[in-house]
Every structure is written in C-alpha cells, then in structure tokens.
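Q: Spelled out, the chains give:
Number of protein chains: 2
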Amino acid sequence: MFNFKYYTPTKVVFGKDTEQQVAELIKEFGGKKVLIHYGGGSVVRSGLLGRVTDILDAAGISYVTLGGAVPNPHLGLVYEGIELCKKEGVDFLLAVGGGSAIDSAKAIGYGVTNDGDVWDFYDYKRKADACLPLGVILTIAATGSEMSDSSVITKEEGLVKRGYSSDYCRPKFAILNPELTMTLPDYQTACGCTDIMMHTMERYFTNGGNMEITDSMAEGLLCTVMENAKILKKDPKNYDARAEVMWAGSLAHNGLTGCGNDGGDWMTHKLEHELGGLYDVAHGAGLAAIWGSWARYVYKECLPRFKRYAINVMGVKEEGTDEEIALKGIEAMEDFYREINMPTNLRELGVKATEEDLVTMAHKCAVGVGGAMGSAKLLKEEDMLAIYRVSM
Amino acid sequence: MFNFKYYTPTKVVFGKDTEQQVAELIKEFGGKKVLIHYGGGSVVRSGLLGRVTDILDAAGISYVTLGGAVPNPHLGLVYEGIELCKKEGVDFLLAVGGGSAIDSAKAIGYGVTNDGDVWDFYDYKRKADACLPLGVILTIAATGSEMSDSSVITKEEGLVKRGYSSDYCRPKFAILNPELTMTLPDYQTACGCTDIMMHTMERYFTNGGNMEITDSMAEGLLCTVMENAKILKKDPKNYDARAEVMWAGSLAHNGLTGCGNDGGDWMTHKLEHELGGLYDVAHGAGLAAIWGSWARYVYKECLPRFKRYAINVMGVKEEGTDEEIALKGIEAMEDFYREINMPTNLRELGVKATEEDLVTMAHKCAVGVGGAMGSAKLLKEEDMLAIYRVSM
Numbered sequence: 001m002f003n004f005k006y007y008t009p010t011k012v013v014f015g016k017d018t019e020q021q022v023a024e025l026i027k028e029f030g031g032k033k034v035l036i037h038y039g040g041g042s043v044v045r046s047g048l049l050g051r052v053t054d055i056l057d058a059a060g061i062s063y064v065t066l067g068g069a070v071p072n073p074h075l076g077l078v079y080e081g082i083e084l085c086k087k088e089g090v091d092f093l094l095a096v097g098g099g100s101a102i103d104s105a106k107a108i109g110y111g112v113t114n115d116g117d118v119w120d121f122y123d124y125k126r127k128a129d130a131c132l133p134l135g136v137i138l139t140i141a142a143t144g145s146e147m148s149d150s151s152v153i154t155k156e157e158g159l160v161k162r163g164y165s166s167d168y169c170r171p172k173f174a175i176l177n178p179e180l181t182m183t184l185p186d187y188q189t190a191c192g193c194t195d196i197m198m199h200t201m202e203r204y205f206t207n208g209g210n211m212e213i214t215d216s217m218a219e220g221l222l223c224t225v226m227e228n229a230k231i232l233k234k235d236p237k238n239y240d241a242r243a244e245v246m247w248a249g250s251l252a253h254n255g256l257t258g259c260g261n262d263g264g265d266w267m268t269h270k271l272e273h274e275l276g277g278l279y280d281v282a283h284g285a286g287l288a289a290i291w292g293s294w295a296r297y298v299y300k301e302c303l304p305r306f307k308r309y310a311i312n313v314m315g316v317k318e319e320g321t322d323e324e325i326a327l328k329g330i331e332a333m334e335d336f337y338r339e340i341n342m343p344t345n346l347r348e349l350g351v352k353a354t355e356e357d358l359v360t361m362a363h364k365c366a367v368g369v370g371g372a373m374g375s376a377k378l379l380k381e382e383d384m385l386a387i388y389r390v391s392m
Numbered sequence: 001m002f003n004f005k006y007y008t009p010t011k012v013v014f015g016k017d018t019e020q021q022v023a024e025l026i027k028e029f030g031g032k033k034v035l036i037h038y039g040g041g042s043v044v045r046s047g048l049l050g051r052v053t054d055i056l057d058a059a060g061i062s063y064v065t066l067g068g069a070v071p072n073p074h075l076g077l078v079y080e081g082i083e084l085c086k087k088e089g090v091d092f093l094l095a096v097g098g099g100s101a102i103d104s105a106k107a108i109g110y111g112v113t114n115d116g117d118v119w120d121f122y123d124y125k126r127k128a129d130a131c132l133p134l135g136v137i138l139t140i141a142a143t144g145s146e147m148s149d150s151s152v153i154t155k156e157e158g159l160v161k162r163g164y165s166s167d168y169c170r171p172k173f174a175i176l177n178p179e180l181t182m183t184l185p186d187y188q189t190a191c192g193c194t195d196i197m198m199h200t201m202e203r204y205f206t207n208g209g210n211m212e213i214t215d216s217m218a219e220g221l222l223c224t225v226m227e228n229a230k231i232l233k234k235d236p237k238n239y240d241a242r243a244e245v246m247w248a249g250s251l252a253h254n255g256l257t258g259c260g261n262d263g264g265d266w267m268t269h270k271l272e273h274e275l276g277g278l279y280d281v282a283h284g285a286g287l288a289a290i291w292g293s294w295a296r297y298v299y300k301e302c303l304p305r306f307k308r309y310a311i312n313v314m315g316v317k318e319e320g321t322d323e324e325i326a327l328k329g330i331e332a333m334e335d336f337y338r339e340i341n342m343p344t345n346l347r348e349l350g351v352k353a354t355e356e357d358l359v360t361m362a363h364k365c366a367v368g369v370g371g372a373m374g375s376a377k378l379l380k381e382e383d384m385l386a387i388y389r390v391s392m
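Going line by line, the protein sequences match chains A and B.
Here the first sequence stands for residues 1 to 392, numbered as in our numbering.
Here the second sequence stands for residues 1 to 392, numbered as in our numbering.
Read the hints as simulated data drawn from the structure, not as lab findings.
Cβ atoms here follow ideal geometry from the backbone N, Cα and C, with glycine treated the same way.
Warning: the hint list may mix true and false statements.
DSBU-like cross-link-like pairs, simulated, lysine-lysine; straight-line CA separation at most 30 Å [what the hints assert, rightly or not]:
| no. | chain 1 | residue 1 | chain 2 | residue 2 |
| --- | --- | --- | --- | --- |
| 1 | B | K5 | A | K27 |
| 2 | A | K27 | B | K377 |
| 3 | B | K328 | B | K127 |
| 4 | A | K5 | B | K233 |
| 5 | B | K16 | B | K33 |
Here are some chain A residues the structure puts well away from chain B; computed CB gaps all over 12 Å [to be verified]:
| no. | residue |
| --- | --- |
| 6 | K5 |
| 7 | T18 |
| 8 | L66 |
| 9 | G67 |
| 10 | R170 |
| 11 | K172 |
| 12 | T183 |
| 13 | Y187 |
| 14 | V225 |
| 15 | S250 |
| 16 | L251 |
| 17 | H269 |
| 18 | G315 |
| 19 | E356 |
| 20 | V369 |
| 21 | D383 |
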C-alpha cells in the first residue's frame with residue numbers, strides 16, 4: 001500500500017435542471033467576466049448555450065463565447081482562447097460540453113495565468129503555477145475531466161497528443177444534469193462508457209499497493225457502468241441509467257479508484273493517444289480497440305489482478321488455472337465491447353495503418369512516456385510496437 | 001433518484017509519516033497563527049503533540065494550544081477556545097485527535113467568525129456565515145469529521161447533544177497516518193469501526209432515491225470495514241487493516257455513500273445522541289446498542305433495502321421470504337457486533353435507565369428532530385420510546 005493524496009475540491013451539483021444554478025455558482029467562485037467555451041454545434045442546436053447565456057444575462061454576469069473545440073482538442077484554438085481572454089479581461093472559464101471543451105478550457109486557463117508558451121506544460125518542459133478558475137456544464141459522460149486534474153491537447157504540427165496534470169485545473173464546480181446527455185448518438189454513449197471504465201481499469205491493473213476498499217469500490221463502479229451501458233443501448237433516454245453512468249464518469253477519474261496503489265498502469269491510454277493524434281478517432285473507441293491486445297500481452301505478469309477482475313467484475317467462475325480464468329475475463333470484456341458496438345481491434349476501429357505507421361506510433365508513444373511505462377508490465381518501444389501489430 | 005450536491009474539498013494526505021507535512025499544509029491554506037486543539041493526554045504521551053509543535057517551530061509558524069476536548073465534546077471548552085482565539089489572533093485551527101477534538105475545533109471556528117452565541121447554530125436558531133479554516137491530524141478512525149460538514153457538541157446544562165452541519169467547517173486538509181491509530185485500545189477501535197459502518201448504513205437504509213453506483217460502493221466499504229475490524233481484533237498493529245479502516249472512515253461520512261438518495265435515515269444516530277448526552281457512553285458502542293432494536297422496529301417498512309443488505313453485505317443466502325432474509329441480515333449484523341465486543345442492547349452498554357429516563361430521552365430526541373424523523377420508517381416520539389424500551 002502506497003501513501004497517497006486525494007484532492008477533489010470540485011463542487012458537484014447533480015440532477016435535473018441543475019444548469020439553472022450556473023450563475024450563482026460562478027458568483028460563488030468569484031467570476032465576473034466569463035469565457036463560455038464549447039465544442040460543436042450541438043450545444044447551440046439543443047438550445048443549451050442560449051439557456052446559459054440567458055441565465056448569465058439575467059444575473060448580470062458579463063461573458064464572451066468561443067466555440068469550436070473538437071475531439072482531441074487542438075492547440076490552435078487554445079492559443080485563440082488565451083488571446084481572447086487577455087483581450088477581454090476574462091477571470092472565469094465556463095466549459096459547456098464534454099472532455100474536449102473542458103480540456104481546451106483548462107489549457108486556456110493555464111495560458112492566461114502563466115507566461116510563455118502553454119505547450120511547454122504538455123511537452124514536459126516546465127510546470128504551471130496557476131490556472132484560471134473553471135466551471136463545467138457537462139453534456140457527455142466520458143472523460144471525467146469535470147473533476148480531474150488532467151487535460152489532453154493535440155498539437156496540429158506533427159499531430160502530437162499530450163496530457164498535462166495539476167491540481168490547479170480541477171474545476172471549481174461541475175453541473176451534471178443527466179438529461180443533457182440523452183440525445184447523444186449511441187456510438188458516443190458507448191465510447192463514453194468505455195472511457196469511464198478504462199479510467200478505473202488503468203488504476204486497477206497494477207502490480208503494487210492495492211487497497212481492498214479501493215478495489216471494492218472500483219469493482220462496484222465497473223459493474224454499474226457495464227449494466228447501465230447495456231440498458232442505454234436499448235433505452236437511450238433512461239434517466240436513471242444516464243445518471244448512473246454520468247456519476248460513474250466523474251468518480252472513475254477523480255482519483256478515488258486509485259487510492260493506495262502505485263499510480264496505475266495507463267499504457268492503454270498512452271497507446272490510444274498516438275492513435276487519437278494520428279487518426280482522430282473517438283477516444284473511447286480507440287481504447288476499446290487497443291485494450292484486448294494490451295491485456296493479452298501483459299496479463300501473465302499481473303495475473304492476480306486479471307484473475308480478480310475476471311471473477312469480481314466479469315462474473316467468470318473460479319474454475320481452471322489462474323491463467324485460464326484471467327483469459328476468460330479478457331474475452332468477456334471484449335464480448336461486452338462487442339455488445340455495445342465498440343471495436344476490439346484497429347481494423348474494426350476503421351484504422352488502416354501500415355507497418356510504417358505502427359513503427360511511428362510506437363516510437364512517438366515511447367518518447368511520450370519517457371522511454372518505458374506501465375505497472376501491469378513495463379512496456380518499452382518494442383513492446384508497444386508488438387501490441388500495435390497484434391491489435392491490427 | 002434525487003438531485004444531490006457532492007462537495008469534498010478536503011485535501012487528504014494519507015500514509016506513513018504524513019504528519020511531517022503539517023507545516024507546509026498550514027502555509028498552503030494561509031495559516032499564520034494556529035490554535036492546536038486536542039483531547040486527552042494520549043496525544044501528549046505518545047509524543048505526537050511534541051512532534052507537531054517541533055515542526056511548526058521549525059517552520060516559523062506561531063501557535064497556541066488548547067487540550068481537554070472530551071468524547072461528546074462540551075460547549076464550555078468551545079467558549080474557552082473562542083476566547084483564546086480572539087485574544088491571540090488565531091487565523092487557523094489544527095485539530096490533533098479524533099472526532100471530539102475536530103468537532104470542538106469546528107465549533108470554535110464558528111464562534112470566532114460569527115457574532116453572538118455559537119450554541120445558536122446547534123440549537124437550530126440561525127445559520128453560520130463562516131468558519132475559521134481548519135486542518136486535522138487524525139488519531140482515531142471513526143467519526144469521519146475529518147472530511148465531513150458536521151460537528152456535534154454537548155451543552156452541559158441539561159446534557160443536550162446536538163449536531164450542526166455546513167460546508168464552511170469542512171477541513172482544508174486531513175492528515176491520515178494509520179500508524180497513529182495503532183495504539184488505540186481494542187474497544188475504541190471497535191467503536192470506531194461501528195461508527196464508520198453506521199455512517200454508511202444510515203445512508204443505505206432509506207425508502208427513496210438510491211443509486212446503484214452509490215449502493216455498490218457503500219456495500220464494498222461496509223464489507224471492507226467488517227473484514228478489517230476482525231483482523232484488527234487479533235492483530236491491532238496491522239498497518240494495512242488500520243489503513244483500510246481509516247480511509248473507510250473518511251469516505252463513509254464525506255457524502256459519497258449517500259449520493260442520489262433522500263438524505264438517509266439517521267434515526268440510530270439521533271437515538272444514540274440522547275444516550276451520549278445523558279450517559280457519556282462511547283458513540284460507536286451506543287450506536288451498536290441501539291441499531292438492532294431500531295432495525296427490528298423498522299425493517300418491514302424498508303424491506304427491499306434490508307433484504308439487499310442481508311445478501312450483499314452480510315452474505316445471507318437468498319432463501320426463504322424477504323422478511324426471513326432481512327431478519328437473518330439483522331441477526332448477522334448483531335453477531336458481528338458481538339464478535340468485535342460491541343454491545344447489542346443498553347444493558348450490555350452498561351446503561352441502567354429507568355422508565356422515566358427512557359421517556360425523557362424519547363422526548364428530548366423527538367424535540368431534537370423537530371417532532372418526527374426517519375426514512376426507513378418515520379419515527380415519532382412513541383416510536384422512539386418503544387425502541388428504547390426494546391433496547392433495554
């Protein structure tokens with residue numbers, strides 16, 4: 001068991017109509033001039049953006065808007081947001097959307113409050129000293145960025161996708177209204193459920209420090225997401241199922257499901273980041289496409305965890321050798337992905353990578369993690385390439 | 001499912017030797033003049049208080065000390081602390097101890113930052129506008145006050161024990177070093193485990209709003225505490241078991257295990273508060289002594305929850321009627337209390353109450369909750385009296 005810090009200062013306001021509280025929450029956290037940052041047109045078309053600006057107008061809160069955050073959000077828009085904030089004297093960020101809008105807003109927040117190029121933080125060159133205060137109205141349950149300390153940005157030049165984490169960017173508040181996620185396409189819902197599970201699975205498959213209370217809560221969370229992902233496939237407007245998944249999304253990535261362990265494995269995420277940078281695939285689908293290949297490559301060196309996962313999460317019977325049980329758990333997980341129409345390899349993901357592409361991704365991935373990474377099994381560049389090859 | 005707020009801003013620093021970080025944490029949260037508030041002599045005898053003052057001395061942080069917080073902490077000492085803080089210009093509170101020291105410090109914090117009599121808040125006459133910032137070094141895993149919004153104070157005149165809750169008093173940081181709990185007497189350890197479980201059980205036994213993710217995490221937490229309470233009975237210096245229980249204590253009462261429900265039942269706590277006010281019994285033991293009588297009185301009106309508890313937490317087989325399963329769960333819970341040497345009635349608790357005492361407690365309890373309270377079953381004064389009678 002390792003020492004740990006647990007810090008989740010985000011005030012979560014959860015449930016129906018909670019976006020009505022946005023103005024009072026901004027005021028509570030001292031916001032006077034707001035940048036409303038969002039992604040594509042759905043926030044406009046659904047009327048949510050208009051409702052939010054109406055509420056801010058009525059409360060006398062001044063704001064400017066910036067849309068256009070795309071999945072795997074781009075550094076260019078971050079620079080644009082930083083300029084806009086400085087020009088307009090923005091002192092509070094409100095992200096309306098999913099992980100793309102939130103992560104982009106976090107990067108803007110770093111850029112406004114720190115001198116120099118904001119990409120330096122994502123390029124591991126230096127650390128941020130501050131971030132603008134940030135609030136969130138969440139419209140997609142997936143990345144957990146609404147409570148997390150992390151953000152992921154893609155630099156267009158060279159398609160480099162990198163994450164940066166610090167407590168400064170943890171949102172001050174997060175408005176989670178499950179109704180706002182009801183109109184998501186099935187594919188996005190399934191991608192979100194996959195991402196949520198992976199945030200906890202990355203913390204679960206480790207070779208050190210696990211606590212029973214953390215494991216038991218992680219397993220409860222994973223079972224809940226699987227159950228409700230299946231419900232949402234048939235009944236996308238089921239409020240309770242939307243709520244279970246939405247709350248799971250925040251808890252899966254706020255640190256709770258990793259307390260006491262060695263920090264987690266995170267290699268499925270790192271391998272997917274290269275995919276996402278190069279091919280602009282949906283993050284959740286990319287994770288599903290990689291996970292099985294990663295799992296089969298590493299499970300023998302993390303057997304007790306894979307066995308426990310198979311039994312406690314996937315419901316595999318405790319029969320046969322540990323290896324057999326572990327493999328049945330991996331197969332059951334892939335069956336679940338297929339059941340919610342997620343890919344289990346790069347082909348199904350729609351990625352037609354050449355051997356040269358795989359070599360490039362493995363190299364970029366290795367550089368990105370500083371040479372080698374992974375707790376279930378420490379992976380070097382040749383391991384990463386091997387996993388990419390198997391995942392084709 | 002109900003809308004909910006979840007707000008746990010406390011920075012938790014968990015693990016071995018973490019008290020070494022106390023000075024930097026106080027500085028991080030702006031403390032310049034500290035009141036170190038503690039309870040009995042164990043904090044002094046163990047050397048912990050001396051280590052803490054050495055660290056503050058070395059860091060150049062000025063402080064005054066105030067000991068003497070007793071279980072069911074008294075209003076008189078709170079008044080004394082308020083005077084001391086005002087006289088010394090204290091701007092930060094550091095509670096070193098368990099729930100008594102923390103709750104007493106919270107009340108002092110209210111008293112320093114609000115005009116008028118601090119008891120008004122506990123007497124439901126008005127609400128606090130602020131609280132001094134507070135940090136905690138925890139030495140007993142039990143009340144969860146290190147992350148919670150609540151505090152309970154006893155007014156000596158009339159022995160009135162009342163709680164007051166607001167986000168203002170949530171600690172800024174909590175230092176949780178399981179090693180500091182290793183020298184606790186077995187009885188205090190068992191009382192703590194009981195209290196921890198009850199904080200989650202009060203939220204679990206409701207007639208409304210339950211979420212699957214909340215339930216699954218609550219059940220994981222409860223199973224973990226039971227398992228490790230048994231380990232600690234045999235091996236009190238088991239670090240991992242101490243750590244599981246300590247972290248469970250914080251999570252059991254920071255709000256996590258009640259998200260989405262109707263607010264919880266809380267009548268076992270309310271019934272115990274009258275016991276604790278009148279007889280000065282250990283809180284955890286008082287809860288164990290009352291719970292079974294409460295459970296048998298209410299279970300028929302909350303049958304699905306008692307059935308689920310029996311199966312998922314107590315491991316009762318799904319055989320027989322729902323009532324039979326529920327009753328087996330209650331019996332198994334009482335067996336667990338007996339296994340860790342907790343009382344299951346007032347007699348075993350050592351309370352020799354007359355019928356007149358019971359009538360007085362039921363009346364005070366009913367007044368304290370504003371007439372009637374309870375989600376598993378709404379209890380009025382006559383119900384409270386009936387439960388007290390059965391618990392003798």
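Q: Compare the structure with each hint and give your call.
A: Against the structure, the hints come out as follows:
1. Of the pairs offered as hints, the one joining B/K5 and A/K27 holds, with about 17 Å between alpha carbons and a cut-off of 30 Å not exceeded.
2. With a CA separation close to 39 Å, the supplied pair A/K27 and B/K377 exceeds the 30 Å bound.
3. Only pairs whose Cα atoms come within 30 Å are accepted, and B/K328 paired with B/K127 is rejected, the gap being roughly 43 Å.
4. Distance check on the hinted pair: A/K5 and B/K233 sit about 28 Å apart at the alpha-carbon level, within 30 Å; holds.
5. Among the hinted pairs, B/K16 with B/K33 is consistent with the structure: their alpha-carbon atoms are about 26 Å apart, no more than 30 Å.
6. The claim that A/K5 is not at the interface with chain B is violated, since a C-beta of that chain comes within 12 Å of its own (minimum 6 Å).
7. The non-interface label for A/T18 is inconsistent with chain B: the shortest C-beta to C-beta separation is roughly 6 Å, within 12 Å.
8. Consistency note on A/L66: stated as away from chain B, and its beta-carbon is indeed over 12 Å from all of that chain's, at 28 Å minimum.
9. Listed as outside the interface, A/G67 is consistent with that label: its C-beta sits roughly 28 Å from the nearest C-beta of chain B, beyond the 12 Å cut-off.
10. In this structure A/R170 is not separated from chain B by more than 12 Å, as the shortest Cβ-Cβ distance comes to only about 10 Å.
11. In this structure A/K172 is not separated from chain B by more than 12 Å, as the shortest Cβ-Cβ distance comes to only about 10 Å.
12. Here A/T183 stays apart from chain B, with its beta-carbon at least about 20 Å from theirs, past the 12 Å limit.
13. At roughly 23 Å from the closest C-beta of chain B, the C-beta of A/Y187 stays outside 12 Å, upholding its exclusion from the interface.
14. Non-interface status of A/V225 relative to chain B is broken: a Cβ of that chain comes within 12 Å, the nearest being about 8 Å off.
15. Distance check for A/S250 against chain B: the nearest CB is about 8 Å away, which does not clear 12 Å, and the non-interface claim fails.
16. With a cut of 12 Å on Cβ distances, A/L251 falls inside the contact zone with chain B, its closest approach being about 7 Å.
17. For A/H269, the requirement that its beta carbon stay farther than 12 Å from each beta carbon of chain B is met, with the minimum near 22 Å.
18. The beta carbon of A/G315 is kept farther than 12 Å from every beta carbon of chain B, the shortest such distance being approximately 14 Å.
19. Consistency note on A/E356: stated as away from chain B, and its beta-carbon is indeed over 12 Å from all of that chain's, at 44 Å minimum.
20. Every CB of chain B is more than 12 Å from the CB of A/V369 (nearest about 26 Å), matching its label as outside the interface.
21. Listed as outside the interface, A/D383 is consistent with that label: its C-beta sits roughly 31 Å from the nearest C-beta of chain B, beyond the 12 Å cut-off.
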